[in-house]
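Enquirer: Sequence:
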Amino acid sequence: MTPQSVKQQLNAQVEQQSDCLINVSHQIHQTPELCYEEHAAHDLLCGTLEDAGLDVERSAFNLDTAFVARAGDSGPNIAVVCEYDALPEIGHACGHNIIAAAGLGAGLAAANMAQELNGRVSIIGTPAEEGGGGKCLMLEQGAFAEVDAAMMIHPANYELSRMNAIAVEQITATYTGCSAHAAASPHKGRNALDGAVLGYMNVAALRQHICPDERVHGIFTHAGDKPNVVPHNAASHWFVRSPKLDTLEELRERVVACLKAGATAAGVTVDCRRTAPIYADMIDNQEILHLYVDNAKAVGRVVCEPSFATAVVGSTDMGNVSYAVPSIHPIIKVAPPEVTIHTPEFAVYARSNQGDQAVLDGAKIMAMTIADLWLDSTKLEQAKHELLQSLQ
1231 MTPQSVKQQL NAQVEQQSDC LINVSHQIHQ TPELCYEEHA AHDLLCGTLE
1281 DAGLDVERSA FNLDTAFVAR AGDSGPNIAV VCEYDALPEI GHACGHNIIA
1331 AAGLGAGLAA ANMAQELNGR VSIIGTPAEE GGGGKCLMLE QGAFAEVDAA
1381 MMIHPANYEL SRMNAIAVEQ ITATYTGCSA HAAASPHKGR NALDGAVLGY
1431 MNVAALRQHI CPDERVHGIF THAGDKPNVV PHNAASHWFV RSPKLDTLEE
1481 LRERVVACLK AGATAAGVTV DCRRTAPIYA DMIDNQEILH LYVDNAKAVG
1531 RVVCEPSFAT AVVGSTDMGN VSYAVPSIHP IIKVAPPEVT IHTPEFAVYA
1581 RSNQGDQAVL DGAKIMAMTI ADLWLDSTKL EQAKHELLQS LQ
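Counted the way the working numbering counts, the sequence shown spans residues 1231 to 1622.
Worth flagging that the hints you see were computed from the coordinates, not collected in a lab. Treat the numbers as computed from the prediction; the structure is a model and nothing was measured. Careful, some of the hints might be misleading.
[Unchecked claim] Okay, derived cross-link-like pairs now, DSS-like style, lysine-lysine, Cα gap no bigger than 27 Å in a straight line:
no., residue 1, residue 2
1, K1418, K1237
2, K1237, K1527
3, K1237, K1614
4, K1614, K1527
5, K1418, K1474
Between the sequences and the hints, there should be enough to build the whole structure, so can you do that?
Expert: Given below as C-alpha cells:
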C-alpha cells in the first residue's frame, strides 16, 4: 500500500465514524465535568472504544477517570491524547470535548490499520488538564513509558502549529492571624486579610519588573467571615508562569517573597504551598509538526506559525509529556479571531458546526500523521534525536 492509499483509507474511516464522533463531542459538551470528576466522559469514551472492539483499561494508572486503549502488536507505538475536563461556570470553554472526540476518531482509524501497517497506537484518556495535572501523575505511573511519540490537537481561534505553552506552578498562600471584635477591641486582633491584601499588592508591584513573557495572576479564596470580626484566616491562590522550568523557580521565589512580606507587615503568618503538579513548558517536535502541517493541507487547513497577534499563550500538562517523548500540541481553528478560549462565547463555538468540523479534520490529520510515523521509521528516529538535542 502506498502512503496516499493508506491516508485515503484512514480518512474514509473517520468519515464513517463521523456521526459517532460528533455525538461524543456533543455529549461531553453538554455534561461538563471538572478535573478528576469526568466520570460520564470517561465512561462514554471507554464504551465507544469497547464497542469498536478495542480492549480498554478503565480507571487506569491509579486515576478513576483515566483510561488507555491499545491496538497493534509490534512496531512504533504512537499515543493519541484525549482531554475531557471542563472549567467551573463556563463549561467547555477550552473545547476539551473537541480534543476528546478528535483523539477518539484518530485512534479508532489508526487502530483499524495497526496490524496491517505494523504499528501500534495507544488512545490515552488524561483527566484534569485544567489545573489538576493528570498527565503528570500518569507519567509517574508509567503511562507513556512504552510510547514512541504523542500528539493531540487543541481548539482555538487560529490555525497554528503550536501553542505558546509556558511552565506554571500553582501556589496557595494561607494567612493566619488572630480574631477580635472589630469595633470593641480591634487592637487585640491581627488581621489575616490585611496580610493577604498586602501580599497581593506586592505581587502587583512585582509585575512591573518581570519578563514580558512571564505571568503572575491570583485570586482571594477566603477573606474572613463577618465584617465585625477581625479575620483570623485568609487565603489566595496564584498561578506563576515562566517560559521554561528553570526560570520558573526564580520567579516563584520572588512571588513567595512578596506574599511573605505582606504577612510580616500585618503581623500574621503565611503558609505558601504548591497545590498541583508543576506544568513544564511544551517542547514542540518540529519533525512531527512538519508531518502534521502537510496532512492538514490535505484536508484544507493552512497551519501557520504563531505571531504576536495570533499566539495562544497558556500552560498544559502536555508539556510534561513533551519532555518524555516527542510530542506535538497544534491548534485547530473553531472560532473567529475575536473569540478567545476560556470565555463563554468560545464554549458556544466548541459545539458549533465549526467545532464539529474540527473534530473530523483533527481526527484525520492525526491519523495520517500516525501513519507517516509508522511507514517511515527514519521520521520517528529523527523526532527522537530532536528531543534529545532539545533536552541537552
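Enquirer: Confirm or reject each hint.
Expert: Each hint tested on the structure:
Under the criterion of a C-alpha separation no larger than 27 Å, the hint pairing K1418 with K1237 is inconsistent with the structure, at around 75 Å. For the hint pairing K1237 with K1527, the CA-to-CA distance comes to about 13 Å; that is within 27 Å, so the pair holds. The suggested pairing of K1237 with K1614 holds, with an alpha-carbon distance near 23 Å, which does not exceed 27 Å. As the CA atoms of K1614 and K1527 are separated by approximately 24 Å, the hinted pair is consistent with the 27 Å bound.
Distance restraint check for K1418 and K1474: the Cα-Cα separation of roughly 45 Å exceeds the 27 Å cut-off, and the hinted pair is therefore not satisfied.
Hints 1 and 5 from the earlier list are contradicted by this structure; the remaining hints agree with it.
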